[in-house]
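J.: Residue numbers (our numbering), protein chains in the order written: chain L, -5 to 786; chain W, 200 to 381.
Hints were generated in silico from the structure; no laboratory data involved.
Beta carbons: idealized from backbone N, C-alpha and C, even for Gly.
Take the hints with a grain of salt, since some may be wrong.
Anything over 12 angstroms on all C-beta distances counts as not near chain L; from chain W, calculated [unchecked claim]:
| hint | residue |
| --- | --- |
| 1 | Lys246 |
| 2 | Arg287 |
| 3 | Thr300 |
| 4 | Asn312 |
| 5 | Ser313 |
| 6 | Ile324 |
| 7 | Glu335 |
| 8 | Phe338 |
| 9 | Ser345 |
| 10 | Ala349 |
| 11 | Ser350 |
| 12 | Met351 |
| 13 | Lys365 |
Only some residues are given here: those of chain L computed to face chain W with a beta carbon under 7 angstroms [stated by the list, open to error]:
| hint | residue |
| --- | --- |
| 14 | Pro39 |
| 15 | Tyr40 |
| 16 | Glu124 |
| 17 | Asn699 |
| 18 | Gln701 |
| 19 | Leu702 |
| 20 | Thr706 |
| 21 | Pro731 |
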Amino acid sequence: MSTTNGLIGKSVKRVEDNRFITGKGNYTDDIILPGQTYAAFVRTPYAHAKIGSIDTAAALAMPGVVAIYTGADVAAINGVPCGWQVNFKNGDTMKEPKHPLLAVGKVRYTGEAVAIVIAGTREQACDAAEAVQVEYEELPVVVNAAEAVKPGAPQVHDEAPNNMCYDWELGNPKAEVDQAMATAAHVTMLEFVNQRMIPNAIEPRSYNASYDAANGRYTLYTSTQNPHLIRLLMSAFVLGIPEHKVRVVGPDVGGGFGSKIFHYTEEALLTWASHKINRPVKWTADRRESFLTDAHGRDHITKAEMGFDKEGKAVALRVKTFANLGAYLSTFSTCVPTYLHGTLLQGLYTTPKINVDVTAVFTNTTPVDAYRGAGRPEATYLLERLMDLAAHEMGIDPAALRFKNFIPPFDGVNQPGYQTQVALQYDSGNYEGVLKKGLEMLGYEDFRKRQKEAAQNGKLLGVGFSTYIEACGIAPSAVVGALGARAGLYEVGQVRVQPTGKVSVFTGTHSHGQGHETTFAQVVADKLGIAFEDVEVIHGDSDSVAFGMGTCGSRSIAVGGSAIMKSVEKIIEKGKKIAAHKLEANAEDLEFAGGRFTVKGTNKSVSFADVALTAYVPHVYPKDLEPGLDFSSFYDPANFTYPFGCHIAVVEVDKETGTLALRRFIAVDDVGNVINPMIVEGQIHGGVVQGVGQALFEGAEYDENGQLTNGTYMDYCMPRADNLPMIETAGQVTPCPHNPLGVKGAGEAGTIGSTPAVVNAVIDALWSGGHIVKDLRMPITSEKVWRAMQTA
Amino acid sequence: MSSFLLSYYTIPTTPKSLLIQPLLYADHNFSCMQLSGKQVLPAAPPKIWALLMDPDTLVRLVPGITNLEKVGDNRFKSVFDIKLGPVRGSFTGNLQLEDITENKGYLLKLQQNSKIGNASAVVKIGLVPVGDSQTELDFDGDVKLSGLLASMGQRVIGGVANTLTKQFFHNLEKELEKPVSA
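All chains, full assembly: derive it from the sequences and hints.
T.: Written out as structure tokens, the structure is:
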């Protein structure tokens, strides 16, 4: 590859921010089409009920109402599909009940849509929706995954006995793990709930669907993270409409955190309805609908045991998890508690025997799917809580216990990748490095002294560690295909050099806060030796971008960036042929650097812009070469990438009141090579805040009737700036050995690492005051801390 | 699996560690709102019974009821207007009395629907004589909310129910103080 102009590694300010901070973003709800209509949904107030009669007569007579459809109208249409098949231990296919566009016969979670009302204005649609009369006959409700599998529990789907979607295990045979556990000198056991999270993207879900009868074309504007995936799922699996006649656009999207990966019922329903009424139909969720119907995250009930020998070396890990999938299977729901969770349970440690057993369960709750980190935060929480607790129980320093158990450094080039007990092969790592750096930043020895002093002064100080690993750069298609994925997870990158030498880059990934328009432009400008301003990144429109799997699993730079790099290489290779012809030299004798093609060892050269112009005005041109300078590439990664890091939290607890404050947060992350340090730091900050949110503030609360009791911002506590200290970040770079940029991905790291660090710090603070507490249920409020101090 | 489920709800008693919370799913056991209490009233059961069985009186006494229309034996169409914290709504539905034992009590069943969600309640009401001229009124039951009412009102409903109950007894006592009309 060529030398660079130094753009890679530079904190270039984000080009997209110009439109965002001046109010010129273009979100789905901003788009108003000629003849626009608006939809509102009639949603069930009950979590589980038989639907009796639905009376739409009064609503249909209301002003502006164009159409009302109920489950009966769409009963013949397929439901939205699940993208990942997980089999039962006995080989049976998972239970996959239909996820209908509108409820038919029964409703299965509070907020499920029963009817859609379409009218001339949003207000008319909402008014008419209130006038639709639905009779319900309430049925018994189950919300807890561990309760749902018990005999006699209410049944969510007739076709899923005991509410089981599947049971699944991974790792060493259970008997081997049991045996290793039996020989352990110490076993640390933890039973905990990784609570249900509500994604709360700042932009609510929004869709605007239209049908062009003259050309037989559909267009769907959607707040999505992956427009091509939505087009594929909707056209091929749900509506059966021709894919090439469907355009899906994800314009500016205000945050996703996973929740906008999935193909939602409303997307397909609006598209279908726009054809039916031959007018565009728009719907934007109100905040209450977002709480109730955006796919939730996490919701695991877990029992985990880790056995150690006398020296503190881990000898076995045994995990049993009940994963709540909600009432229906969302697009990637099934892979989250299995292939994104069980596969990460090696962590950074050499534990020789690991067995994880997962039962995935239907309940009368909102569907659960990937939420920033998706499975990996649950795995990290499990391991890192066990590590810290084991250290406390065995009287070993928690940092020392980790050093004792770390996999030794390996770069994946001179030393092979690390084969885990749970199917993955780590690419490269230096795990000791990040913890050492974190301890330095913390001033660990000094901290332990101050901790003792603080206890004398009415305050309990606690420090919590989390040394995490994640599998990103999702994903090698053959691997995920073998594990049940119903899609490939390659990426597409097209680099189109315009005649003037300006460059348009098309990526199948999607930016909704990540800053791709900046980062990807840096990569291309750097590699082509041209100005940053001469590159524009285009994404999100299935009519302009060839294909793509979108943005999820911290994959955009690792997979999307690599696809772009492949095209850049093709551009340079072709450019050399054109330049060689101009310079009357052999292409092999040319080198490309600093934006010029030069005959090696001479001062004969031609600029990139000259070559571009020649490619499009090929008057004097190599005989066998096509005109143009435009390449598209598919990149399928060789492996996942494995970012890792060390997060350290320091908390302070008031001994009298239990008041809990996060005092310091240190994040040392190794995400491989870094393209834009400012953007990576921003991603880490945001991720850490979301992880801290889970530890201390957030969590969905369902009552036993399946009502979401905190579905408002009065009751669902989001983390705010004043809840956090300045986040202290640092990096370490262990390049990924198997992709051209050596990058690993940084989107989810903050969320994955931070939660257990905070909880561990609270537990450490309590132990330092003599309160021997194993677990506090997240979110850990000051009240819970106070109660713990009264009883333990 | 069953052994895990059992252990899941059992607090482990390892000497070094103490689990301080029982491992239930939710921290706050919101569930149904319990509605129970008792009040001694200055009249004998028959007089109170008469008030409790008269729709017109109930409309006057029960805060929130704006209409009660008899549609059958001990069955009424009912309309409530209630404000629960930030949630305000007009509820329509039906009210039904069962297990009626004269001067002793009944089971009140209520199902009310509104644009902001539905409420249902089953409340057992009992009258016990205290001496010759007093009655203890006991009530015990629960209220189930759904929809917006559940997600926005749940947190404040306990307080609201207390206030409404106090108002009801206050109104009832006032009614009893009224001179008996011809």
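J.: Does each hint fit the structure? Answer for all of them.
T.: Hints and how they fare:
1. Lys246: Correct as stated: the minimum Cβ-Cβ distance to chain L is 38 angstroms, above 12 angstroms.
2. Arg287: At roughly 14 angstroms from the nearest Cβ of chain L, arginine 287 of chain W sits farther out than 12 angstroms, so the non-interface label holds.
3. Thr300: Answer for threonine 300 of chain W: holds, closest chain L Cβ roughly 28 angstroms.
4. Asn312: violated, 9 angstroms
5. Ser313: violated, 10 angstroms
6. Ile324: Check passes; 23 angstroms lies beyond 12 angstroms.
7. Glu335: holds, 31 angstroms
8. Phe338: holds, 21 angstroms
9. Ser345: At about 4 angstroms from chain L, serine 345 of chain W fails to clear the 12 angstroms cut-off, so the statement is violated.
10. Ala349: Its Cβ does come within 12 angstroms of chain L, the nearest being 4 angstroms, so this is violated.
11. Ser350: violated, 4 angstroms
12. Met351: violated, 6 angstroms
13. Lys365: holds, 25 angstroms
14. Pro39: Cβ of proline 39 of chain L sits 3 angstroms from chain W, so the hint holds.
15. Tyr40: holds, 5 angstroms
16. Glu124: holds, 5 angstroms
17. Asn699: It holds, given that the least Cβ distance between asparagine 699 of chain L and chain W is near 6 angstroms, below 7 angstroms.
18. Gln701: At about 4 angstroms, which falls below the 7 angstroms cut-off, the nearest Cβ of chain W leaves the hint on glutamine 701 of chain L intact, so it holds.
19. Leu702: Cβ of leucine 702 of chain L sits 5 angstroms from chain W, so the hint holds.
20. Thr706: It holds, given that the least Cβ distance between threonine 706 of chain L and chain W is near 6 angstroms, below 7 angstroms.
21. Pro731: violated, 41 angstroms
Hints 4, 5, 9, 10, 11, 12, 21 from the earlier list are contradicted by this structure; the remaining hints agree with it.
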